[in-house]
Amino acid sequence: GQNIDQPTEMTATEGAIVQINCTYQTSGFNGLFWYQQHAGEAPTFLSYNVLDGLEEKGRFSSFLSRSKGYSYLLLKELQMKDSASYLCAVRDKGNSGYSTLTFGKGTMLLVSP
Amino acid sequence: DGGITQSPKYLFRKEGQNVTLSCEQNLNHDAMYWYRQDPGQGLRLIYYSQIVNDFQKGDIAEGYSVSREKKESFPLTVTSAQKNPTAFYLCASSIFGTSELDATYNEQFFGPGTRLTVL
Numbered sequence: 001g002q003n004i005d006q007p008t009e010m011t012a013t014e015g016a017i018v019q020i021n022c023t024y025q026t027s028g029f030n031g032l033f034w035y036q037q038h039a040g041e042a043p044t045f046l047s048y049n050v051l052d053g054l055e056e057k058g059r060f061s062s063f064l065s066r067s068k069g070y071s072y073l074l075l076k077e078l079q080m081k082d083s084a085s086y087l088c089a090v091r092d093k094g095n096s097g098y099s100t101l102t103f104g105k106g107t108m109l110l111v112s113p
Numbered sequence: 001d002g003g004i005t006q007s008p009k010y011l012f013r014k015e016g017q018n019v020t021l022s023c024e025q026n027l028n029h030d031a032m033y034w035y036r037q038d039p040g041q042g043l044r045l046i047y048y049s050q051i052v053n054d055f056q057k058g059d060i061a062e063g064y065s066v067s068r069e070k071k072e073s074f075p076l077t078v079t080s081a082q083k084n085p086t087a088f089y090l091c092a093s094s095i096f097g098t099s100e101l102d103a104t105y106n107e108q109f110f111g112p113g114t115r116l117t118v119l
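Just so you know, the sequences run in chain order E and W.
Residue 100 in my numbering sits at position 100 of the first sequence; the count goes up by one each step and never skips.
Residue 96 in my numbering sits at position 96 of the second sequence; the count goes up by one each step and never skips.
If you are wondering where the hints come from, they were derived from the structure by calculation, not from laboratory data.
In this text the structure is predicted, and so the values were computed from the model without any measurement.
Heads up, the beta-carbon is just placed ideally off N, CA and C, and yes, glycines get one too.
Do not take every clue at face value.
[Claimed, not checked] Straight-line Cα separation of at most 30 Å, DSS-like style, residue types lysine-lysine; simulated pairs:
# : chain 1 : residue 1 : chain 2 : residue 2
1 : W       : Lys14     : E       : Lys105
2 : W       : Lys70     : E       : Lys93
3 : E       : Lys81     : E       : Lys105
4 : W       : Lys71     : E       : Lys93
5 : E       : Lys105    : W       : Lys83
6 : W       : Lys57     : E       : Lys93
7 : W       : Lys9      : W       : Lys57
8 : W       : Lys57     : E       : Lys105
9 : W       : Lys9      : E       : Lys81
[Claimed, not checked] So the derived label-pair ranges between C-beta atoms look like this:
#  : chain 1 : residue 1 : chain 2 : residue 2 : range
10 : E       : Ser65     : W       : Ser80     : 43 to 53 Å
11 : E       : His38     : W       : Arg13     : 25 to 35 Å
12 : W       : Arg13     : E       : Leu51     : 43 to 53 Å
13 : W       : Ser73     : E       : Ile17     : 37 to 47 Å
14 : W       : Phe88     : E       : Ala16     : 22 to 32 Å
15 : W       : Ser80     : E       : Leu51     : 39 to 49 Å
16 : E       : Thr13     : W       : Lys70     : 47 to 57 Å
17 : E       : Gln19     : W       : Lys9      : 31 to 41 Å
Build out the structure end to end from the sequences listed, making use of the hints.
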């Protein structure tokens, strides 16, 4: 089985930087994804990590430490439109040979003026 | 334009009725997935399929059934055996790749979702 933990809610100010943490326990780690989901909409892909280190993509960066079972998503220069839920998802190799994603419960980020 | 479609966006049914949610994709993806999302619960995997005519149970398959007769389509039936069917249902698809270093390997693309309410 898998266990994925991330904070339920976070608040930040427009223009600031925020870090959303995710810790996981899994039997067959094979990659970690971050998705953004606005209320009532589908999740959209933000980033992917499979090797240790930092992946940067514009205002968004994601970090992974496989030995610690830890990842974070860093959002810079926050904008009001960044108010959304951020989902951490871990890919597991699986015994059947098929990989599936297990999602955390999501972190609701509220950006205020 | 390529993408995933789910219809309808809102669906109402009476308790005890079976209901089928549609999911169609024209991305030529091999794998398709069904998730359920409840407030504060994140996404939970119901069923998934990696190839036509084959599918696997996810974490919460009880009360649900699927079919995969065509690559493009993966309909989900919510049966009367599902105790709490009211939820937001999301369909997703992905390629079936082999490179762990490639983000497109198992990156899942989601449809707009169907919000099912059972009265």
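Status of the hints after comparison with the structure:
| no. | hint | verdict |
| --- | --- | --- |
| 1 | Lys14(W) to Lys105(E) | 29 Å, holds |
| 2 | Lys70(W) to Lys93(E) | 25 Å, holds |
| 3 | Lys81(E) to Lys105(E) | 21 Å, holds |
| 4 | Lys71(W) to Lys93(E) | 23 Å, holds |
| 5 | Lys105(E) to Lys83(W) | 21 Å, holds |
| 6 | Lys57(W) to Lys93(E) | 15 Å, holds |
| 7 | Lys9(W) to Lys57(W) | 24 Å, holds |
| 8 | Lys57(W) to Lys105(E) | 20 Å, holds |
| 9 | Lys9(W) to Lys81(E) | 23 Å, holds |
| 10 | Ser65(E) to Ser80(W): 43 to 53 Å | 46 Å, holds |
| 11 | His38(E) to Arg13(W): 25 to 35 Å | 26 Å, holds |
| 12 | Arg13(W) to Leu51(E): 43 to 53 Å | 46 Å, holds |
| 13 | Ser73(W) to Ile17(E): 37 to 47 Å | 43 Å, holds |
| 14 | Phe88(W) to Ala16(E): 22 to 32 Å | 30 Å, holds |
| 15 | Ser80(W) to Leu51(E): 39 to 49 Å | 47 Å, holds |
| 16 | Thr13(E) to Lys70(W): 47 to 57 Å | 49 Å, holds |
| 17 | Gln19(E) to Lys9(W): 31 to 41 Å | 34 Å, holds |
The structure meets every hint from the earlier list without exception.
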